[in-house]
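Novice: Note that the protein sequences, when read in sequence, are chains A and B. With the first letter of the first sequence counted as 1, position 172 gets the number 172 in the working numbering; the numbers rise by one all the way through. Throughout, the working numbering is defined as the position within the second sequence, counted from one, plus 1000.
If you are wondering where the hints come from, they were derived from the structure by calculation, not from laboratory data. It cannot be assumed that every hint is accurate.
Now the stretches of chain A that chain B is said to cover, found in silico as 3 or more residues with beta-carbon under 8 Å [to be verified]:
no.	region
1	58–67
2	137–149
3	181–189
4	228–234
5	455–467
Here are the simulated distance ranges between beta carbons [said to hold, decoys possible]:
no.	chain 1	residue 1	chain 2	residue 2	range
6	B	1384	A	96	32 to 38 Å
7	B	1515	A	620	22 to 28 Å
8	A	620	B	1450	32 to 38 Å
None of these values were measured; they are calculated from a predicted model. Ideal Cβ positions, reconstructed from N, Cα and C, are used throughout, including at glycine.
Residues per chain, in single letters:
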Amino acid sequence: MAKIKKRGESGAAKNYITRTQALKKLQISLSDFRRLCILKGIYPREPTNKKKANKGSSAPASFYYSKDILYLLHEPLLAKFREHKTFAKKLARALGRGEWALAKGLEERKPLARLDHLVKERYPTFKQALADLNDPLSLLCLFERLPRDPVPGKTQVPHEVTAECGKLVAEWKVWAIRTHALRKVFLSIKGVYYECEVPAGRSGETVNVRWLEPWEFKQTVPADVDFRILLTFLDLYRTLTSFVLFKLYADENLVYPPELDVKLDAEGEGIGRFKLVERAPDATAAAPTVEGDKERKITKKDVKKSIRSIAHSSAATGGMQVDEDEEDALIKDEPSAEEEFTYHPSKNETDASDPSNAPLPTYTSLLTAPSSSGNSHDDKAYTIFSPYTFYLSRETSSRTWEFVIRAFGGKVITHPSLNQLSTTPETANSITHILLDRPMDASTMRALQGDRKWTWVQPQWVADCVNRRTVLPSGEGSGYEPGGVLPPHVSPWDEEGRDDRPWLGTEAQAAAGVAQDEEEDEDEEMQTEEGTTATAEMTSAMRAAAENPDDETLVHQAELEAEAAGTDHAVFRKQLAVAVRAAKASAPSSSKASTSTAPAGKTAAAEEDLRKIMMTGKKQRLYEKMQYSNNERRQEADKLASKRQAIEKRKKKAAK
Amino acid sequence: MPPKRSQTAPRSAGSKRNPASKATPSTAVSGKPAVKRSRDDDRDAPSHGDEVSLFAGKINGGDNGKGKKSAVTAEVEEDEDDEEFEIDTGSSNGDLEDFLDRDALESPADDEDEEDEEGDDDDEEGYNTSDIEAMENASGDEQDDFDDASSVASSSIAPSTMPDSNLTLDQLIARHSYKPDENFDIHVSQATGGRPLVGDALTGKFSNAKEGTGKLVPSKFVKGAMMREYDDIEAGYGSESSTEENTNTIGNVPIEWYDDLPHIGYDVSGRKIMRPAKGDELDKFLATVEDPDSWQVLSPTTAEDKLLQKQVQLSDKELDIIRRLQNAENPDADFDPYQETIEWFTGKGNEMTMPLSAAPEPKRRFVPSKWEHKKVMKIVKAIREGRIVPNRPAAEKPKVYGIWSNDDVENPPHAMYMPAPQIPPPRTVESYNPPEEYLFDEGEKREWEQQEKEDRKLDFMPQKHDALRHVPGYENFVQERFERCLDLYLAPRTRKVKLNIDPESLVPKLPSPKELRPFPTNCAVQYRHPANSRVRCVSVDARGEWVASGSEDGIVRVWDLGNGREVWRWNLKGGPVQAVEWSPNKEECILSAAVAGRIYLLAPLALISPHVAQTTLTHLNTAFSSSSASSTNNISGKPQVPDAKWVRPSEDERDRGMMVIVEVQGTPKQVTWHRKGDYFATVAVDAANKSVLIHQLSKHQTQSPFKRTKGSVQRVAFHPHKPHFFVATQRYVRIYDLVGQQLLKTLMTGLKWISSMDIHPLGDNLIVGSYDKKLCWFDLDLSTKPYKTLRYHTKALRSVAYHRAYPLFASASDDGSIHIFHGTVYTDLMQNPLIVPLKVLRGHQIKDGLGVLDLRWHPTKPWLISSGADGEVRLWSS
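Extracted from the complex, chain A is given alone in its bound form:
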C-alpha cells in the first residue's frame, strides 16, 4: 500500500513560501530582504495553483521558491548586513556621545560588502554574464549623466558612483572600438541603441549585447522613483560590468583597468582619455592581475593568437601598421590624426626617437592597430570607414559619433572649429567627411571647403551605413546632405521580427506599387459605378453565379433562368460579368489584398472549413486562438501597408 500523503508536505505547499514567511525565516527587515533579492537575483514566482501554494488560503501573497530562501540563509551578505547594522549603531552612539576618535576608528573599519561572489554565482559562465549585460549597460549609461540629487530631498547619488559609471561605459566603448565589435546603431526617440557582438568563449560563440544610451539632456526624474532600488541594482551592475570588462581586456591581452590620462581627462576628452597598455608576456607581475591569471597567461590559445597576429602583420604589407614598430609607422602615416586624438604628438615623437625609453603603446596606436582576433572578411565589413577621416561639427554628439566612427575604423577630428579649419591646412586636407547637423547653404560650404574634396553628410548617414555595412551614396538627392530631407531611419532589428515590408526596399518598387494601385483603383471606380446599376436587376441564381464564377453549374443555372426570362445570351453574358465584378467589389477589402490567390484560396478555404468540423472542441478553440493572433498581426501589417499606399497617393497628387 502506498504511503499516505500528508497535506502541506509536498508539492506546491512545500515549494513555495510567502514573502512574510521568508522574512520571518531570515529574520531580516523588508528593505534588507529586497536588497538581497536584487543582488542575489531572487524573484517571486507565480505558482500554478495559488491556493495550494498558500496552504489553502486564497489571500493575495507573493510567493518565493522556498529553496531560494533556504539558500539565502547561508548568504555571506546576510552576515555583512548584520555587521553593518551593529556598526551603524556603534557609530551613532559614538557620534551621539561626541567620541570623535572612536567614531573615526569605527568609520575606518566600516564593514564593506563585496559582490564578486555573486557575479560568479549568478553567472557561472562568461556567456551567461554577457547575455545579461543589456540591462547593466543601459543603467550605467543612465547614471553616467545623473545629477547628485536626482529627486531633491531624497536619496542622493554619490559623485563617485556616477564617475565610476562613466568610466565603465567608456571602457566598454574603448574595448568595442579596439575589437570593432559594434554591429548596429539605431537612433530612436528614446536614445541611441547600440549592439555589439561580443566573443563569449573559446568555441567562437558570440553574444549580442544591446544597450540604450539616452540623449544628452537633463533627465526628468519622477518623484516616485526610488533611487535606493536603482542604486542597489547599480551596485551589482557595476561589479558585473567591471568583471566582464576585465575578462574582455584580458582576452585582448590588455591591462585592466586601463590607465587614465589625467591631463586628457581634465581637458574633457571622452573615450580617448584611457591609455591602453598591453600586458607584456613576461611582465605579469607588473600588471595588476591575480595569481589565477598567471597560469592562464600563456595558454595554447594565446600562443596561437600571437602566431596568427604575426602572420597577419607580415601578410599585411603597406597600409597596415605593424605591431612591433607601430609608433613610428603611425606617426609617419597619419600624423595629423594622431595629433588630433591625443594632443601630445610631440611627446610621442620624443618617446619614439628615444629607443631606450621603450614607450608603452598609446591608446590611439592600439586602437588603430588591427585587432588580432577576428578574420579579415569581418574586419572589412566592420571597418567600412577605415579610409575616411571625419570632422565632427560641434552640434553633433561626439559621444555617439566618435564611438561609432572609430568602431568602424574611421578617424575623427573635432578641433578646431569649422571656421578655423583653414588655419590648419594639414588637418583640413586629411578630412574626407564632414558630419554636419544644421542647414548650411552651398556657398558657405564651398567657401569652407576650398579646393578640398569634402563630403558633407548628416549624422544619420553614418548610422545607416553602419546598419547596411556599406558606404551609402551621400551626394545631392540622397537626402543625407545638410538640409536635405532624410530618408526614413529604419530599425536594424526589424528583419529579426515579424513582418517584412517590401515597399521599404527601394523607391522604384514603391513607385511601381503605387502605379499598380492606381490602376486597380480606377478599375474599382468603374466597377462600382456599373455594379450599382446592375445589381438592381439580378436574380438569385445570377447572384450565386456571380459569387462563384468558376462554378459552371451555377452559371448554367443562371443561364437557364435568363433563358426562361427571355433575355438574350449576349446580354446575359454581359450581365454576368457585371455581376461578378460587383460581387468582387462588395467582398471585404482583406480578401482583395490577396487577389492573386483568390480563386484557388477560396476553394481551399471552404475545404478547410469542412475539415474543421471533425476537430475536437479543444483543438478547435486552440486553432481559433492561433488564427486570432495571426489575424491581428496580419491586420497590423495590412494597416501599415494601406497607410503607406495612402501616403504615396497623396504625395503623388501633391506632386501633380
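Please build the complex by placing chain B on the supplied structure of chain A, with the hints as guidance.
Specialist: Showing chain B alone in chain A's frame:
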C-alpha cells in the same frame, strides 16, 4: 545495672516523651513543654494508687508550671523515694560542674563534641525521666518488677532539674526574656551565662545514636540469642520532631471515634495512648484541697487539649499572648514598635562611606597587575620591532580579477530557473525618423491618449523629426529604467509553454472530397409549391421515380423526379401534412401521409404499371374483404378505446387513389415503414401512451407496443434486418426487441432534444440529429455513448438521413444548409467508421427562422431531395 536493663523496653516506649521533659529546662520560656509535663502529671495521678508517684507527678508539674519555684521541695521528696538518688545527683552534679568549667574555658566551637560526650554520659547514667515511668505506669501495672524500676527511674528526675537550681537568677531572667526561637543564638552568643543550659538541653537531645553500637539485649523472639537494641534518637530543639507537640498520631480525625475505646490514639511507635482518666468531682475536689494551685484546673486559665483529652494549664506567658492578641497588639511582649532608628549610612560621619562591607580594600585593587604589565610590554616590544603594525589595513583582494575561466560549466537546467526575459529590440516605430505610415493619425492618437498606460501597445507616441538635432530628450527614460528594475525583482515569474506549432497541424488529415465522389454537389431540379407554403416532408418512392411532398396547405403532391412536374395531388384537408412516406416495397406503390388525427394510405394508380397497381390494391384491400371490421383492432382484444380505426374511403375518393384512412389519436408526426412494406409505425407526440403505434397493412391491425412510454417519443425506426425497434425520446434512444418484447439498449446521446434519427442500412450505426445543433454518430457495437458528436450547423437540425446504397449521409438544418458527409462503415470491427465532411449545399431560403425541413436520399442514385420552409423541394445531384 539491673534496673537499667529492665528499663529498656519502657524507655523505648516512653521515648517520645523524653525530649519534652528533657527540653523543659532549656525551653522553659515556651509554655508548651510545661504543658506537656502537666499533662503527664494529670495522667499519672489517677492511674497510680500510691502516694509517691502521685506526689512526684505533682511536684514535677508544679515545678514546671511555676517556673522552678520549688526545686528544693522536689529534692526533698525524691530523697525520700530512693537511696540511689544521692549517687545519681552527685554524678550529675559533678558532670555539670565539670561541664561548666570546661565551658568557661573553651570556645563555643568545641561544644558539640563535648555535648556528644555528655549525651553519652547522660544516657549511660540512666533513663531518668519521669515520663518513662509515667508511661510505664500507664501501660499497665501488671509487672511488679517494673514497678520498682519505675520508682527508681522516677527518682532520677532530679538530675535534670538540678542544674536549674545552680543557675544564677540573671541567667534565668535572660533565658526567659528571649523568644524561644532566639534561644539557641543567645546561648551561643552568651559566652558564659547560657552555657550550662545549652549543655543541659543538648545532653537531652543528643542520644547515643552517635555511638553507632546500640546495646545488646537478649532477644525477645529467639531464646538465648542477643539482639542489638538502639536507643531512640532524640530530636533536637530545631528539628521537626522536637517541636512536635502532638504525640497522638491519629491525625485529623474526630476524636469521638475513640469514645468507645480505652485508648485515644497511637504514639509514633504505634503503641496505644491510653485514655487519661478523668477524675470525678471528688477527685477534683480533693485536688483542690490538696494542691493549693489546683484551683487553676477549672479556672479560665486552662484549655482543653482535644487530642490528648485533658485540660492543659496555660502559662502566664501564653495568657499574656492571648491578652495581647485580644487587644490587637503584637503578641510578642518584647517587641518594641517605637525603636529608635539607627542611621547606619546617613548618620554623622557616615554620610558617603556606604560601609556595606567593612572589609578593607585588598591590595590587588590598587597595585598594578604584574601580568598585565608583562603582556603590554610584549606588545610594545613587538610594535617596536615592527612585528605589529597598528591600524594596518587588512590584505585586500583586488577589486577585479578573472572569475571566469574556459572550463566553466553552466548550471544544469532546472525547472525553477527562470531567467528574466530580455527587453525586445526596438522597432522602426521607435525611430526618430520613421517612415510616415508609422505615425499616428488623428484617430489612433486619440485612442492612444485615452487608453490606460498599461493597455497601450506602444509606451510612446511615434514621432518624426527632420534632423537629429531636433530630437528632444525622452522624458520617460528614468521611469522606464526604474520599471524594468522593479520588474526584475518584483514581478512574479512563471513558465508559460508557448505552443509553437502550425495551426494547420491541428486540422485532422482526411481524404479529399474529390476522392470520395460521387456525392450531390448542386441543385438539379426544383419543385416549387404554390404560395411558397412550407413543405414539411418529402419522400422518394422505392423505384426512385416519384417524389412525394406534403406541404402546409394540406396537399400531398407527387412529382416526377426527373423533370419536376407535378403529376398527382391529394388535398387531404386536414391541416398541414406532417409526414409522407413511400412504402419501401418495390412491388407496390403505397404512399402514407399523416395529418392531424389521420393517416392516409394513398396510391397514384394511374401512374404505375398495372401489375404493380394490382398488387398494391390487393395488399390494401384484403383486410376489408376478409373481415367485416373496417373498424377497430386491438391486439390484446380489450374492448376499450381503440388504438386506431381503419376506414375505407368512398368510391369517389378511392378512384382518386385514396385507399385507406386510419384514424388515430393525436397528430402523427412521423410515419416509418418496415422494410417489407407491411408494417408501418407512426409517432404522435400528443397522444400520451398511444404515441407510438404499429400498423399492419395486410390485416388492418394497429397495436400500441408500449403501455407506457418513458418521456415523449420523438422518432421511431425499424431495424433494417432485425426485429428491433428504435425509439428516440427527447434525450435517449432505446432499442427494443419486438420478438422478445424487451429493452435491448439505451443510448445516451448527450443531446437536449432529439429531432431526427436514421439507421445505417447495415444496422450497426445510427445518426441522431438534435435541435441543439448537434449530430451524434453511434456505433452500436462500440458503446452506448456517441462515437462522434459533431457540431457544425448554426441552428437546429431538422433531419438526418443515410443513403441506402452509397456511404453517404446528410443533415438538414434551420440555417438553410445541408451538409453532406461521407461515412464509411467497415466490416472490420476494429476499425472505426470514417466520417469526412464533403459539401455544404446552400440554396434553401430561410423563412421565419426555418430553413431546410426534411431530406431524403434517392434509393439508388447519389441524389438528395430536400424540402424547405421557402416552399421548395430541391433535387441535389452530383
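Novice: Each hint should be assessed against the structure and marked as holding or not.
Specialist: Now for the hints, and whether the structure bears them out:
1. Figure legend: the region 58–67 of chain A, annotated as covered by chain B; annotation consistent (4 residues with Cβ-Cβ distances under 8 Å, at least 3 required).
2. Given a C-beta distance limit of less than 8 Å, the hint that chain B covers the region 137–149 of chain A holds, as 3 residues qualify and 3 suffice.
3. Proximity of the region 181–189 of chain A to chain B, defined as three or more residues with a beta carbon under 8 Å from a beta carbon of that chain, is established by the 4 residues found.
4. For the region 228–234 of chain A, the stated coverage by chain B holds: 3 residues have a C-beta nearer than 8 Å to a C-beta of that chain, and at least 3 were required.
5. Figure legend: the region 455–467 of chain A, annotated as covered by chain B; annotation consistent (3 residues with Cβ-Cβ distances under 8 Å, at least 3 required).
6. With their beta carbons about 37 Å apart, residue 1384 (chain B) and residue 96 (chain A) fall inside the hinted range of 32 to 38 Å.
7. The hint said 22 to 28 Å for the Cβ distance between residue 1515 (chain B) and residue 620 (chain A), and at roughly 25 Å that hint holds.
8. For residue 620 (chain A) and residue 1450 (chain B), the Cβ-Cβ distance of about 35 Å falls inside the hinted range of 32 to 38 Å, so the restraint holds.
Of the numbered hints stated above, none is contradicted by the structure.
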